[in-house]
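J.: Just so we're aligned, residue 341 is where the sequence shown starts under this note's numbering, counting upward by one.
Check the hints yourself; a few may be wrong.
Said to hold, decoys possible - Pairwise CB distance ranges (calculated): (1) Phe368 - Leu345: 13 to 21 Å; (2) Asp395 - Gly360: 24 to 32 Å; (3) Pro382 - Arg412: 13 to 21 Å.
For the record, the hints were derived by calculation from the structure and aren't laboratory data. Every value quoted in this text rests on a predicted model; they were computed, and no experiment measured them. Cβ atoms here follow ideal geometry from the backbone N, Cα and C, with glycine treated the same way.
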Amino acid sequence: MAIELDQVTEIIVTLSKVPGIGPDDDIFDAGVTSILAVSLIPELEERFNVTIPDDGRFLAARTPRALTAMLRELE
341 MAIELDQVTE IIVTLSKVPG IGPDDDIFDA GVTSILAVSL IPELEERFNV
391 TIPDDGRFLA ARTPRALTAM LRELE
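Using the sequences provided together with the hints, build the complete structure.
T.: What follows is the structure, given as structure tokens:
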């Protein structure tokens with residue numbers, strides 16, 4: 341399954357209830373809390389059949405575009 345930017349953005353918006361996050365918007369600046377960000381991990385892992393390592397890459401990927409790129413690397 342190809343991981344698409346719009347799919348990642350949709351998951352972020354659905355879980356966080358923060359509307360209007362653009363591909364290059366910092367999700368934390370947009371209102372996503374660290375607790376919500378952590379809840380994204382299992383959702384992204386399940387949806388895209390990947391395992392997100394605990395090496396800081398997830399927290400460094402602060403935009404939907406960066407998260408998409410990170411997930412593609414894990415495919």
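J.: Against the structure shown, which of the earlier numbered hints fail to hold, in ascending order?
T.: Violated: none.
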